[in-house]
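Each protein sequence line maps, in turn, to chains R, B and D.
In terms of this note's numbering, the first sequence opens at residue 29 and continues consecutively.
In terms of this note's numbering, the second sequence opens at residue 106 and continues consecutively.
In terms of this note's numbering, the third sequence opens at residue 6 and continues consecutively.
Accuracy of the hints is not assured; some may be wrong.
With a straight-line Cα cutoff of 35 Å, these simulated DSBU-like cross-link-like pairs (lysine-lysine) come out [unchecked claim]:
1) R:K83 - B:K239
2) B:K316 - B:K305
3) B:K361 - R:K463
4) R:K469 - B:K305
5) B:K201 - B:K316
6) B:K239 - R:K355
7) B:K201 - R:K355
8) R:K37 - R:K355
9) B:K347 - R:K113
10) R:K113 - B:K201
11) B:K201 - R:K474
12) R:K463 - B:K347
13) R:K225 - B:K239
14) B:K361 - R:K476
15) B:K361 - R:K474
From chain R, some residues computed to sit far from chain B (all C-beta separations above 10 Å) [stated by the list, open to error]:
16) P119
17) S162
18) K225
19) K460
20) I466
Quick partial rundown of chain D residues pointing at chain R, CB under 10 Å, derived from the structure [stated by the list, open to error]:
21) P26
22) S30
23) T198
24) N255
25) P256
26) H263
27) Q342
In short, the hints are calculated from the structure, not lab data.
Keep in mind the model is a prediction, meaning the values are calculated, not measured.
Just so it is clear, CB atoms sit at the ideal spot from N, CA and C, and this is done for glycine as well.
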Amino acid sequence: MKREPAKFKVNGGIHPAYNKQLTAEKAIIEMPVPSLLRVSMLQHLGAPAKVEVAKGDTVSRGQLIGEHGGFISVRVHAPTSGTVKAIAEAPTATGGSAIAVDIEPDGEDRWVEDITPHPDWESLEGKKLISLVSDAGIAGMGGAGFPTHVKLSPPPGKVIDTLIINGAECEPYLTADHRLMVERAEDIWNGIRIIRKILGCATVRVAIEDNKPDAIAAMEAVMAEDTGDSAVVILKTEYPQGAEKQQIFAALGKEVPSGGLPMDVGALVENVGTTLAIFEAVVKGLPLTERVTTVTGFPVKAPGNILARLGTSYADLLAFCEGLQGKAAKVVSGGPMMGFAQHSLDATTTKTTSGLLFLRPDQVRTFSSMPCISCGRCVQACPMYLMPAELSQMIEAEDIEAAEELNVLDCIECGCCAFECPAHRPLVQHMKQAKAGIMAKRREEKAKQKS
Amino acid sequence: MILYTTLAIGGIGLICGSALALAARFLAVHEDPRVEELTAILPGVNCGGCGYAGCGDYAKAVVLDGIEITLCAPGGAETLANMAAFMGVEAESGEKQVAIVLCGGDSDQAPRQFQYNGVADCTAAHAVGGGDKKCRYGCLGYSSCARACPVGAIEITEKNLAVVHPELCISCGKCVRTCPRHLIKMVPESRHAHVMCSSKDKGPIVKKACKVGCIGCRICTKQVEDDAITMDGFLAIVNYDKPIESATVAPKCPGKCIVDTDPPPAPVEEEKVEAEV
Amino acid sequence: MVEEQKAETPEPVLNVVSTSPHAHSGASVQRIMLDVVIALMPALAAAVWFFGWDALRLTLSCVIACVAIEALCRKAMGRDLGIGDLSAVVTGILLAFNLPPALPTWMAVVGCVFAVAIAKQLFGGIGYNPFNPALIGRVALLISFPVAMTKWSEWTIPSPIGIDALSTATPLGLAKTNVMSAGTLPYHFDGGTMLQLLMGDQNGCIGEVSALALFIGGAYMLWRKVISWHTPGCYLGTVAAFSCILWIVNPEKNLPPHFHLLAGGLMLGAIFMATDMVTSPVTRKGMMVFGVGCGVLTMVIRRWGGYPEGVSFAILLMNSITPLINRATAPRVFGHQRKNKEKAS
Chain R
29 MKREPAKFKV
39 NGGIHPAYNK
49 QLTAEKAIIE
59 MPVPSLLRVS
69 MLQHLGAPAK
79 VEVAKGDTVS
89 RGQLIGEHGG
99 FISVRVHAPT
109 SGTVKAIAEA
119 PTATGGSAIA
129 VDIEPDGEDR
139 WVEDITPHPD
149 WESLEGKKLI
159 SLVSDAGIAG
169 MGGAGFPTHV
179 KLSPPPGKVI
189 DTLIINGAEC
199 EPYLTADHRL
209 MVERAEDIWN
219 GIRIIRKILG
229 CATVRVAIED
239 NKPDAIAAME
249 AVMAEDTGDS
259 AVVILKTEYP
269 QGAEKQQIFA
279 ALGKEVPSGG
289 LPMDVGALVE
299 NVGTTLAIFE
309 AVVKGLPLTE
319 RVTTVTGFPV
329 KAPGNILARL
339 GTSYADLLAF
349 CEGLQGKAAK
359 VVSGGPMMGF
369 AQHSLDATTT
379 KTTSGLLFLR
389 PDQVRTFSSM
399 PCISCGRCVQ
409 ACPMYLMPAE
419 LSQMIEAEDI
429 EAAEELNVLD
439 CIECGCCAFE
449 CPAHRPLVQH
459 MKQAKAGIMA
469 KRREEKAKQK
479 S
Chain B
106 MILYTTLAIG
116 GIGLICGSAL
126 ALAARFLAVH
136 EDPRVEELTA
146 ILPGVNCGGC
156 GYAGCGDYAK
166 AVVLDGIEIT
176 LCAPGGAETL
186 ANMAAFMGVE
196 AESGEKQVAI
206 VLCGGDSDQA
216 PRQFQYNGVA
226 DCTAAHAVGG
236 GDKKCRYGCL
246 GYSSCARACP
256 VGAIEITEKN
266 LAVVHPELCI
276 SCGKCVRTCP
286 RHLIKMVPES
296 RHAHVMCSSK
306 DKGPIVKKAC
316 KVGCIGCRIC
326 TKQVEDDAIT
336 MDGFLAIVNY
346 DKPIESATVA
356 PKCPGKCIVD
366 TDPPPAPVEE
376 EKVEAEV
Chain D
6 MVEEQKAETP
16 EPVLNVVSTS
26 PHAHSGASVQ
36 RIMLDVVIAL
46 MPALAAAVWF
56 FGWDALRLTL
66 SCVIACVAIE
76 ALCRKAMGRD
86 LGIGDLSAVV
96 TGILLAFNLP
106 PALPTWMAVV
116 GCVFAVAIAK
126 QLFGGIGYNP
136 FNPALIGRVA
146 LLISFPVAMT
156 KWSEWTIPSP
166 IGIDALSTAT
176 PLGLAKTNVM
186 SAGTLPYHFD
196 GGTMLQLLMG
206 DQNGCIGEVS
216 ALALFIGGAY
226 MLWRKVISWH
236 TPGCYLGTVA
246 AFSCILWIVN
256 PEKNLPPHFH
266 LLAGGLMLGA
276 IFMATDMVTS
286 PVTRKGMMVF
296 GVGCGVLTMV
306 IRRWGGYPEG
316 VSFAILLMNS
326 ITPLINRATA
336 PRVFGHQRKN
346 KEKAS
């Protein structure tokens, strides 16, 4: 048997209403190319990509339009063939803004010519494979968008012996990764084998929550032939077990030290979507130009898992899902626990857009700054074992130093505390505020030291 | 009975008193007396504008580490002169600088694009969806600057706009560093013509977002001499080291964003400022 | 095509933008307080059964007084009224439950002033009070009106020589005076006495007499997850263990553990007062420390103190060190070593 139950459980965590039934059974459908694609140069964590095309240029699908803008950066490719209409700053789904390239599709959707598939990848060296991943412009598709090629090149001296494939998808509503595992298990497994070859690590664990039995079965079936140390780890469904540190603990029982990286305990976590992108990039030679986004929520008429080109506007995505029935009071890019609320449907999909969620007015609860009644529910819910109540009171009193002392920087902003808070305090926003404040202070100090 | 009680309490007092006297005599920390004297010269508002924890800390830095004496903005020319005389150095004083919020888009002029729900703090609001004001450069009005001001010189008007009362401003510059949108500038007190807009967007975008924004028409730059107003992209910038006739420029602005603050706005009543803070 | 569909669908109303999370458990302060009120209902029914009109009079007057005083205080301070969270109602019922049945209404109202105006609103209102308001109210009354606060009604007590007697003291008070004067306990215990105490046929404050009714309320709060077992479990367990030891050492002078558990205000204190969220620790470990501390202090006061009952004082004393308990029992942050290990390495 290629499956094992998770031996460890992170304390804390919550059990929100998952509502995955809206889209869990819906097969992935490809959306036709919309009338305009706005491709952001900042779809990842790190420096934005440098625009490589000019207004009026004709581009083909897969053509490089954004080159690495630094060491931690990711390439951007044209998602379809067409003409560059404009290059301008545009708001991103996360509330910031970045340069974006507007492409008007010509309807031909023709690929660039110099695509080289590597069906014989097993004979390639690790370095060559990493360069293929880097060329394809792959960023972590779970949500954070960390450049994958950087993640796959650990600094010398660091040994990664265990690869964890994150199929937990613990965010409520989202089912994109779930559907990928059910429908494309074979390709994901090949992607896993490529990563295994790059890292030279023997152990592979595919972590899936027990609310996705079909995904567990599918992954187990494709892994049956493997002679190495690989298994599906079945996690008890609980949010936030898809968070990197929590997942490593649940699967391996190892605690990533504060401020450290998974590689400090010899582990590396990749999302299933990223793994599939690696397969496409290496075996088929295709750069990352599309991703599966779960368009969901009770007000959506035909929710589904949509394979859409990067740069598709949220309005087009919603229209493809036949629009809304009734009112939506809140639109979230991503899942309900960590996603970003939108004030318009103008933003476009990126490599990290795992979902587009619409919430009914009665599902929207507003935050208020009622006093904390010290019920301790946040303390019990925090998967990082912090004391959110105390931290938030300190931050409200603008005592950032005290919050730093109590490890506010360890907060992963999962939202468990605010989910449980009966006083509806904006706890996550307080944490974000303090973290931003501390980082700004540290930058200032660094600048002072330099001068 | 009364006698014993009196004696006991008197005795305790005597012992404690002598202990304190001895402690003051033998455990005293010897400080450079100049530090204390210089602290007395400083205004004593402890605003932190100089970059030190308070007036005492700054005085210590001046006396012991030889830090320059020009850092105390609230003190103005008088304090500077006193400090220069005390330290035996010469220092020139500039004109008093006051803070001004370069945005005139109150809730009547600049609409909000969504209902922001969260912590009432500009930095926090700015990070959520880029801020709820349609203009992505304008004043959010969640009073971060007003809270930072040590003397309560910033009022958040009923129409959600931060306004500095120059007559109360002590030029510490705390608000300048606090504003997440960098709308606050220090300007010479005698200047009365200001471009009350910080939007670098193109004219059509500004027009949609605000009724009193700078649309980048360049008319004002032609009204003045010697580049006293220059363009930074689509935004007019006043160069405060060059003279302008405020009365002539302000009426000519089609965007109504150049204002003449002479005479200055009426001072607010004390109570009102406190209520806002 | 896209344009056409847009026109058909209703325009989304995207008016609320906030930081994540965008989901909530649905819990609210008001709902928690309502659950506490519901949990107090069996005890109120028992109080009305045993003390009749007086129980209802005290409870109603305390609730009305507390809500009114809270509203007045908030208004005077220029804040929102804040009575919608029902916390004043809870304080009112709990204070009433800690009063003897014959107490004049005006004295109860004085207690409410102490509880809400002084112990709660002066500190900043809900969430900021370091001490349990209802207990402050009770203790203030106990010190101000000692006679009225210890004037009990009559109840039938079992006697060792087989003739039942009437008493105007509480079981604990009777035990205390008898041990002090005669050096022995006044009565022996059989199943019937225990049942009497469990049901509530005894002297005491109106809400504390029926251990069974309080227990039902506690079970409801546990089911609703308003409280966890840690505080009451450790409190009752400590009292049981402590009294058990005393009883084994000297059964002549010390009451048996089941009597200690069922008599006096222990059940009310352990289930409803020590679990007050605002004034008790937030960590599980802290709750256990708090419970054990309350238990030890209660027993020390009952056995060696001047008062026959020590629940109120025990909880108030433990309230005062709640911040320290919180700090001392703060969980080890994920990915951090324990402090002492860090120092060692």
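Here's how the hints hold up against the structure:
{"no.": "1", "hint": "R:K83 - B:K239", "in the structure": "holds, 28 Å"}
{"no.": "2", "hint": "B:K316 - B:K305", "in the structure": "holds, 15 Å"}
{"no.": "3", "hint": "B:K361 - R:K463", "in the structure": "violated, 40 Å"}
{"no.": "4", "hint": "R:K469 - B:K305", "in the structure": "holds, 27 Å"}
{"no.": "5", "hint": "B:K201 - B:K316", "in the structure": "holds, 32 Å"}
{"no.": "6", "hint": "B:K239 - R:K355", "in the structure": "holds, 23 Å"}
{"no.": "7", "hint": "B:K201 - R:K355", "in the structure": "violated, 55 Å"}
{"no.": "8", "hint": "R:K37 - R:K355", "in the structure": "violated, 39 Å"}
{"no.": "9", "hint": "B:K347 - R:K113", "in the structure": "violated, 42 Å"}
{"no.": "10", "hint": "R:K113 - B:K201", "in the structure": "violated, 50 Å"}
{"no.": "11", "hint": "B:K201 - R:K474", "in the structure": "holds, 31 Å"}
{"no.": "12", "hint": "R:K463 - B:K347", "in the structure": "violated, 42 Å"}
{"no.": "13", "hint": "R:K225 - B:K239", "in the structure": "violated, 50 Å"}
{"no.": "14", "hint": "B:K361 - R:K476", "in the structure": "violated, 41 Å"}
{"no.": "15", "hint": "B:K361 - R:K474", "in the structure": "violated, 42 Å"}
{"no.": "16", "hint": "P119", "in the structure": "violated, 6 Å"}
{"no.": "17", "hint": "S162", "in the structure": "holds, 31 Å"}
{"no.": "18", "hint": "K225", "in the structure": "holds, 41 Å"}
{"no.": "19", "hint": "K460", "in the structure": "violated, 7 Å"}
{"no.": "20", "hint": "I466", "in the structure": "holds, 13 Å"}
{"no.": "21", "hint": "P26", "in the structure": "holds, 3 Å"}
{"no.": "22", "hint": "S30", "in the structure": "holds, 5 Å"}
{"no.": "23", "hint": "T198", "in the structure": "violated, 38 Å"}
{"no.": "24", "hint": "N255", "in the structure": "violated, 40 Å"}
{"no.": "25", "hint": "P256", "in the structure": "violated, 40 Å"}
{"no.": "26", "hint": "H263", "in the structure": "violated, 31 Å"}
{"no.": "27", "hint": "Q342", "in the structure": "holds, 8 Å"}
Violated hints, in rising order: 3, 7, 8, 9, 10, 12, 13, 14, 15, 16, 19, 23, 24, 25 and 26; the structure is consistent with all others.
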